[in-house]
Structures are given as C-alpha cells and as structure tokens.
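Protein chains in written order, with our numbering: chain G, 1 to 171; chain V, 172 to 791.
Treat the hints as calculated values from the structure; they're not laboratory data.
We put the CB at the ideal spot given by N, CA and C, even for glycine.
One thing to keep in mind: the hints can contain errors.
Pair ranges (Cβ atoms, derived) [stated by the list, open to error]:
# : chain 1 : residue 1 : chain 2 : residue 2 : range
1 : G       : Gly100    : V       : Ala352    : 48 to 54 Å
2 : G       : Ala151    : V       : Arg617    : 53 to 59 Å
3 : V       : Phe622    : G       : Thr93     : 38 to 44 Å
4 : V       : Pro390    : G       : Pro38     : 21 to 27 Å
5 : G       : Arg35     : V       : Pro231    : 58 to 64 Å
6 : V       : Arg747    : G       : Asn97     : 33 to 39 Å
A short, non-exhaustive set of chain V residues, derived as facing chain G with CB atoms under 10 Å [unchecked claim]:
#  : residue
7  : Ala362
8  : Gly434
9  : Phe513
10 : His560
11 : Glu710
12 : Arg744
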Amino acid sequence: MGTDALERVVAGDVSGLRDLRGLPPGLSVDSLAARWGPPDLPDDPDAPAWLGDQPFAVRRYRPEGSPATGVQVWHDDGVVVALQLDFPAFDATVLHNALGDPDVVTSSGLGTTNEQWIHATAGVLAHVSRVTGEVVTLFMVAAGSTAALAASPAARAERRRWPRRTGDLPL
Amino acid sequence: MQRRDGARRSEETVEAGSARTVRSAPAASPLLLLQATAGNRAVAHAVQRRRAGDERPTTPHVRFGSRGPEVEEVQASLNAAGVTPVLETDQIFGRLTLANVKAFQEMSGLAPDGVVGPLTREALARSNSGGAPTPAGEGTDHRSGTGPPTAQQVAGIQAHLNPATPGGGVMGPWDGAGSDAQAQANRDALAAELTAALEAMVARAHPRAQERQRLRHVPVRDFEGAGNQAKRYVDATYGGLTSAAVLTRAQRHQRASFSFQAGRTLLDTTDPSQYQVDVADTADWMAETGKDAKTATRAHSFDKSRSQQERSFLDTHVLAPFVARHRAQIELMDRYLFATAFGGRVWMAPVIEASTDFPDTPGADGSPSPAERRARWGEWETLVHEYIHTLEHPGFSDATRSRRIMTEGFCEMFTKEVLEQAIPAAKADSDPELRKGVEGSMPDGRPFPGFQPTLVPDYSPGAYAEYLSHAEAVRDQLGAGGRNAVRAAFFTGHVELIGLTPRGAAATPAAAGDDELVAVPEGIRSIGALAVLTGSSEETIRQANGNLPQGAPLPHGMVRVPGVRHHVVVEARDGRERQTEGRAEIADQHGVTEAALERANPGVRWASLTAGQRILVPVH
Chain G
1 MGTDALERVV AGDVSGLRDL RGLPPGLSVD SLAARWGPPD LPDDPDAPAW LGDQPFAVRR
61 YRPEGSPATG VQVWHDDGVV VALQLDFPAF DATVLHNALG DPDVVTSSGL GTTNEQWIHA
121 TAGVLAHVSR VTGEVVTLFM VAAGSTAALA ASPAARAERR RWPRRTGDLP L
Chain V
172 MQRRDGARRS EETVEAGSAR TVRSAPAASP LLLLQATAGN RAVAHAVQRR RAGDERPTTP
232 HVRFGSRGPE VEEVQASLNA AGVTPVLETD QIFGRLTLAN VKAFQEMSGL APDGVVGPLT
292 REALARSNSG GAPTPAGEGT DHRSGTGPPT AQQVAGIQAH LNPATPGGGV MGPWDGAGSD
352 AQAQANRDAL AAELTAALEA MVARAHPRAQ ERQRLRHVPV RDFEGAGNQA KRYVDATYGG
412 LTSAAVLTRA QRHQRASFSF QAGRTLLDTT DPSQYQVDVA DTADWMAETG KDAKTATRAH
472 SFDKSRSQQE RSFLDTHVLA PFVARHRAQI ELMDRYLFAT AFGGRVWMAP VIEASTDFPD
532 TPGADGSPSP AERRARWGEW ETLVHEYIHT LEHPGFSDAT RSRRIMTEGF CEMFTKEVLE
592 QAIPAAKADS DPELRKGVEG SMPDGRPFPG FQPTLVPDYS PGAYAEYLSH AEAVRDQLGA
652 GGRNAVRAAF FTGHVELIGL TPRGAAATPA AAGDDELVAV PEGIRSIGAL AVLTGSSEET
712 IRQANGNLPQ GAPLPHGMVR VPGVRHHVVV EARDGRERQT EGRAEIADQH GVTEAALERA
772 NPGVRWASLT AGQRILVPVH
C-alpha cells in the first residue's frame, strides 16, 4: 500500500505522494507506535478533538528539530481514521503531478479561501488555497469511493478564526 | 366506545414510556455546585445517571387487580372527592374501586377507562384541593416570552443576518457582475479600493504584530487560570440553559471534561510546532472585516459568499496579489494578532506587553509584573468569548451557514452579557477566587497584593462591534422574549425561535397567537378536563373561545388556551449518534415539571420523540 511512501511523506518528502494508496484498513495506533515509538504529544482522554462533528483521540509525532513538520494521528479507540500531515505549505502542482486531477473538488472547512481536493484512490484529502495555489493541510485516510471520502470525518474538518479582543488588530 | 379505547391507549402509552413524575432538581445550580466541589467527572456521572433515570418508570398506573399503598391513596382520594359509595381503603383495586374510578373519570371529562394514570391523578388532586391546579412550574423558565416569530419579525431578522444580500433587503446585485465596459470598470475600481484597504490595514497592523513579537513571551500555561475563571463565569450565567440542551454522549463528555490545559486545549500561536499559519485565510478575514474594505464592498454591492464569480474575483484579483506582496507580514499578523479554534482546541499568543501604566517589573513579593497581570485579565476576557464558542449547540451550528453574524456576533453578544456583570466584580475585587485564578497567588494561598481596578480592561467588542450590533438587533426584533430566544437558539439549538429552519433558511412565519392553539387530545371531553391538562382554567378557556357559556361542550378541532406554548423538538448529531430532546430537557428549558408535561401531552411516546415534533407546554 505504500507504507514506505507514507514514511517518506511523513518525513517531509512530498515525492512520496505519488505512491500513496491510502491508509491500510484497520491500521492501529499500536502498529504506528511500534514503528515510530511514543508520540511527543500523547492522547488526552479528557480532551477529545473533533473532525467535523465527530470526536476522536489525537496524538502527535514531531521529528526532533523540525517543529513545523510531523504527523497527527486521529484515531477511534486505537484504530487510525486519519493522519494529518504537517509541513510547510507547498505548491499544489506537486500534488497534481503526483496524483493527477482530484476526483472531486469540494468546499473546505479550513478557511473560505481554500478548496478541498479529494483523491479517492490515494486516500488523500488536500486543502488547497485558491489564493496562493498551495497545499495548506493534508489528511490521509483509507482509500475508497469519492462519496465515502467526501463524507468522512476528516473531510469535514473545520477551523474558525477570531481576532484578539483587546484592540490589537487595528482595522 | 371508540373514544374510550383511544383514551385507554393513551394511558398505557404514557405508562410504557414513562419516567419520573417530578423532576429531580432545578436546572443549573446543583450541577455547578457539584462541579465546584467534585469536579467535571462527577458532573458527567451525574448527568449520565440522570439520563439513565429518564427511562425508569416511577409513578405506577393503578388498575383493576392492583394492590398496595398506591391503591389505598387512590381510594382515599376518591372518597375525599365525594364519589360514592365510600370505599374501604384496603389497598385492593376491586370492582367497587373500579366503578368509582370510572364514575369519577366521567365527572371529570376524562374517558372512563378505569385506569388511574397521570390525568386521573391530576384530576383527583385538583378535586381534593378544592379545584386548585397542581403547580406546573418548577425552576427557571428559560423560554419565557418566546414564541414563533411573526412575518414582520422574520423579515427583520433576515435583514440583519444577511445585510449584504438582496434577500436581506439591503443590497442590490454586484455592480461588477456584467460583461460590459461599465462592469469591468466597476471590477477594476473595487479591486483597487479593496487592495488599498488591505494595504492600509497591513501598514497599521503589521507594526503591531512586530511589536508583539518583540514582547516577552511566557508559557501559555500562565493563562490556564484565566481561561478556567472565564469558564466559571460563563457556566454560572448559562449553565442552567446549557445543561438543559440535548447533546450526544461525546459532546456531553467533552463539555463535562473541558478545561483550559496548556499543550492540550490551550495552545500557542507563536510556536511553529503548535500552530500552522494560513496567510490566505488571514487576508480573506481582513477583506471581510476591515472597516475600509467593508465600505468598498458595500459601495459595489459585493458579497464574496453570494456567487462563484464574486468569490473567484476576490481570490484572483485581490487576495492573490496582495498575499504575494505581503506574505511575511501576514504570517506574523496571523501568529500575533489572532486567536484560532480548531478541533476542540484554542490557540493564543502568550506575550506580555509593558507600558508606563503597567511596567513589566515583577513585585518584590513574587507577584507577576503589572504588565503580566494586565495581560492575564485581558486574556480572561478573550477566553470568555472563546469558551462560549465551545458551547454553541450543534443545531445552531447547522443553521449558521458560515454567517459571522451568527457565529461571532451571537458569541460576542453573550460575551458582553457575561463581562458586563463580571468586569465590575473583577474591578471591585469582590471575588477572591476570580483574582487568584487569573493572577495566581502567594505560596500561602493569599492573593497577590497591589491589585488595581485598572488592571482589568474595560469591555470592548473590538473587531466584532458590527457583528455584535446585528446580533443584538436580531434579539431586539423579538421584543421582550428576544433575550431568551437568542439564548435558546445558540445554547440549545432552537433556531425556530429566531425564525430559521434547521438548515438556516428563513422559516415560514407564524400568525400571532397561533402558538396558543391546542389540538384537543383524544380522550378529553370537557373544557374542565382541557383546563386540567393545559394548566389553565375553565373560565380562561371559555373567554378565549368566544365567551362560551358555563357548561358548554368542548369545541371541536383547535381550542385557544392563553398562556400555553409549543416546544419544537430538536436533536443533536455527531458522526456516530443522534440524540433527540427528551422530557427532562424540555421540562428544564421551560421550567415546568415533567409531570405537567406528561399530563399536557397524553399519548406522546417520550422515549422516542422525533425532531420537529411539537410538544404542548402547559401554563405555568
């Protein structure tokens, strides 16, 4: 399935994108822990994180000395549902060259200037800025039908922004 | 005979889906007290126990063949009501008791099925008390004064929720939408005006971000106390209502266990390992919220969320070149001037700003510097707003359609309500727990000396003043019940009270007074019985329905009962579960007893209410 490709992408090598085939079904956090060791930020059972309207546990792996890259593992009782790959924003043509046209482009909950590219067979949900042409957030989930991926919790991730309230933003 | 069978079904249905007859406790304070003394987990357990309790039948139905103290109580009540022959209170429901129950039911306008359920009990109680109805009210009525908005109110609300759309009644179509030369000129003008507005905003804001970047950074942990005091004040204000909201188990668990914890729920925007910037999203926010940018978009009747053409114009002709020119500046602004929420977590910039009035010099007694104390009080106010975001009901979220007037304006409206009470208390230093929570305390637990009221910033809605004004206008459209209506919409998902469908469209308006029209339930035969059921009086009902004479038969169809209202059942959903409101939540929201609700709605299957179902709330 391209476990090696996943490892390469997680390590920041975007060329690994072309070999991605989605998360293996039933991938467990234990198997990731066996491969990657303990996370730098473990689960917090009292603070579930949400993808869209669904709560999950989340743990984070961050390569030492590389604060802006790494992977967040979203899981449901130990079964991985999504890997959120963290990296500096990169040109979406890299993703396009690797995976071709997205199967469908939908709205993104991570900002109104983004759109979401769904590559169903690769199990990739990429939030791409229409303004900069960059991939700003990338989730990897199990491969499946376009409809299944579009309905998956990771496809419904949301972010809200609001300014500080103490007059720090002169408008 | 048909009617009699129907009534019997009603009684048994009530029995099958029955729960407690009397609610366990007033809504909020016991849970808040429990939280304060035993923590969030204890509250979660209590809530779970309470929900489990919803399924337990309590007051048993009594019928032919029943035995026990409940039968004795019924026999005594029948005797007290004057039904003859007088029964021996032997705790055995035999033929004589059955005959007297039926006779009493006939007298009371109930179907004579011989089963003593909630309606018959109520009639007996009322008879025994000389006709006075059993009180239906209990606890706080969070829905007082609310009702379905009229056509005029719906139109007014729409205008404030959608000030930039033609449907909102304010703006016409975009002047740059056509393909002729004038439209092109208008597009060019808008691009130039918006770009100038954004450039000016960067010129003002970027130095502010640089200034904040140079400030002393402290661990985000130092603001946990401010966050948790913010939570305490919000819970004290809205806890009674939020605890009456229907939620899924996961949503309920998250709320019950939520606290501001550094590295988990409270994170640092200035730390690249904790926060990824999004320059395009930041620029888009500036174009939507900046004062001059708004002036430009209004002048051209431009709305980026109205059409693909408008969205694409903004992205391509304004934001893309702007971001390309100012990327580094916008990144810094994103890190230092914004707070962000994502996936149940909150990000902020933990920096300390010194000034002449508030120098960054720690006290000799170990107290934080005045600058740091001021920063903590400022974040306390910010985190009131951010914590309120976490209490937005999923039913409200479904209806927002990304309208910032709903997501931010409503949130700020409640922030203002809390802070207008809390800031004077903070300035007066009348709550030692608050000050110690925000500022920290001496090793022996005493608060730090040297508190000054000026350490607590005055209230300001900041960048959200305009969204706030629209939200408050929505509230004010709804008159005296407006405050309860907007609260019920935001915290319990009852968007019908602000004239919206569950998906956020304008709802079909109600005619004035429609909410008081009651469909007479099967088995109710007299105005007296309807009065028992609705908590009203015979005289009130007779007067409201054309001054019917005493002894007049119950009108067919709909009967007007002043003072009743209808509750529209809502649900909460997450990816795994749907939860529909139950009797306990409805009772809590309206401040009525569950028994009164049960009595008013014979035949309702409480264990399986459906979204959109209407429940009669009796006069209380």
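message: For each hint given before, does the structure comply? Return the numbers of the non-compliant ones in rising order.
response: 1, 3, 7, 11
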